[in-house]
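Chains D and V are the protein sequences, given in the same order.
So in this note's numbering, spot 251 of the first sequence is number 239, and the numbers just go up one at a time.
So in this note's numbering, spot 263 of the second sequence is number 251, and the numbers just go up one at a time.
Be a bit skeptical, because a hint or two may be false.
You can't tell identical chains apart in this list, so a pair holds if it fits in one copy or across any two.
[To be verified] For lysine-lysine, the following BS3-like pairs were computed, each having C-alpha atoms within a straight-line distance of at most 25 angstroms:
| hint | residue 1 | residue 2 |
| --- | --- | --- |
| 1 | Lys156 | Lys285 |
| 2 | Lys156 | Lys2 |
| 3 | Lys248 | Lys258 |
| 4 | Lys146 | Lys19 |
| 5 | Lys270 | Lys223 |
| 6 | Lys14 | Lys287 |
| 7 | Lys236 | Lys183 |
| 8 | Lys19 | Lys156 |
| 9 | Lys223 | Lys285 |
| 10 | Lys156 | Lys17 |
| 11 | Lys17 | Lys313 |
| 12 | Lys226 | Lys19 |
| 13 | Lys257 | Lys156 |
| 14 | Lys156 | Lys14 |
Quick caveat, the hints were computed from the structure, so don't treat them as lab data.
2 protein chains.
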Amino acid sequence: MITSNLSELVIPIKAELSCFDEKFKKSMKSKVGIVELVTRFILHQKGKKIRPILVLLSAKICGEINERTYRGATLVELLHTATLVHDDVVDNAEQRRGFPSINAIWKNKIAVLMGDYLLSRGLMQAVEGEDYDFLRTITSTVKRMAEGELLQTSKTRKLNIDEPTYYKIISDKTASLLSTCCEIGARSILDNEDKIIAMRDYGEFLGVAFQIKDDILDYVGKSSIIGKPLGGDIKEKKITLPLIYALKQVERPESQRIIKIIKSGADSKKVNEIIEFVVNQKGIEYAEKMAAEYAAKAKECLSIFSESESKSALTSLVDFVVERKN
Amino acid sequence: MITSNLSELVIPIKAELSCFDEKFKKSMKSKVGIVELVTRFILHQKGKKIRPILVLLSAKICGEINERTYRGATLVELLHTATLVHDDVVDNAEQRRGFPSINAIWKNKIAVLMGDYLLSRGLMQAVEGEDYDFLRTITSTVKRMAEGELLQTSKTRKLNIDEPTYYKIISDKTASLLSTCCEIGARSILDNEDKIIAMRDYGEFLGVAFQIKDDILDYVGKSSIIGKPLGGDIKEKKITLPLIYALKQVERPESQRIIKIIKSGADSKKVNEIIEFVVNQKGIEYAEKMAAEYAAKAKECLSIFSESESKSALTSLVDFVVERKN
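Based on the sequences and whatever the hints tell you, model everything.
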């Protein structure tokens, strides 16, 4: 199986994706100078656009993309951007190991406000388009995402995450939005609940696979590509699937010893020791197996749809997610 | 004129306010432990509940309070709580003069997420109640509030705020939500646009008067009551109406000298010097005059309504806002 390239996957929606880009740029316009400045900065750091791509493909597998689809794509991308901006509040602080500069604090203030601004812009567009079912889905997603992150934060403090809790966290914080993208895309075209639910489930399974893979890459990714060192989760005391599995393979004194190292704040040498421990205990293999299982479930959801370019793209997207190297 | 006491003002809606308290508590429930913990903490620090009081009084001046009114009151209080929680991100940092502890950073993370959570909870309730006109109003208010704060933040950096910019900022960041409260309250009862607009304008003028008074109290409030020292705005380099006016009364070298002191970060002695400068240049008197003008405009808006207990309460609320000592 050849790992798909994201730019190949979007061929069925190439024209629509440029159309989205234009609409998205427009949706961020503001008369307030600093808002324009920050949004230009955000637009400059183009992301992979996985979420709008999901909306567009999930729509196209159901029929022809329309204005509602674009509004949905804009809404999820605004929402995703808002959460990224809010994430910066935390990430900035961590990069500086607990001592942000005054400059970093200004960024905090701006990051919080810009996140609120982008979120409300997205919701306003849904309200103006009278896309009330989108609104229902999206507000409950925002709530799930915040709850997921809060659960992870509190569990991180106690370092007591088991496998079911792990799935609950990643389902809330990551899969919920991808699932919403697919649901919104399908719903923008049709009201066949079977197909809408199939797409929603596809997004959920894809999202879980995506996050497991993300967590694997934190252990064995190519650090030069992602631009950050391996073991970031260990340093941040985040217990993810590879470690959860590895800890269960050893006797209690050994697992307690590992947890103690993480708790006290592991330095680079200790981080490498823990990565080695996880690899030796087959934590990576197990997590890869689970990611593959969720990937297979995601593909199964598509069986309800007849063959099309969009269906092939959505199938390949699953492979892309679990086979990517960064 | 006797300064009204807030507890007297709420007599016309006493029963409804307890009913609101119950509903609000319920609206914050969560299965996630840390969310429960933080919300209990928030519920414990009971605020003045100005916003739900405004919703309830604005409804009662129009007719009998109903379920829609309560949903509106809950929505605005959730939203207000969300913004307070987000404000903590900034305030915490400032208290520690640019060096928050690791503990303070954890709070940042939780504050950002809890704010997002509360905001989405509020919006979800509006979606579930199918109160789409509330949603339209509230999402545009969230956007205005964020824009107002962002404008203030960027202007603060440059210290170049004139009077029109000041009104734009306080209208967006403070008056917009109070105006929304009154609009939502009226709209929950009737669809007479004249009365709805009268209540919306009442809220807007009240909000501007409220913020001017807040800014005055930062110069001449009783610090022992508010629990924070005077001149906080000067330390945070926020230029508000008393100072804007005072700076305009003196020659450029003198105003440049004052701005330079603020820019370089005033210590307590310098803060007192600037407070004295503002008082001597009659900045407080001017701001009091402007607050009184907006207060009068707010009262005028009520002339469309016939006499009632609620109308008297809304009139006294204006006096309360401009005459309060903290």
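Checklist entry - Which numbered hints does this structure break? => result 2, 6, 7, 9, 11, 13
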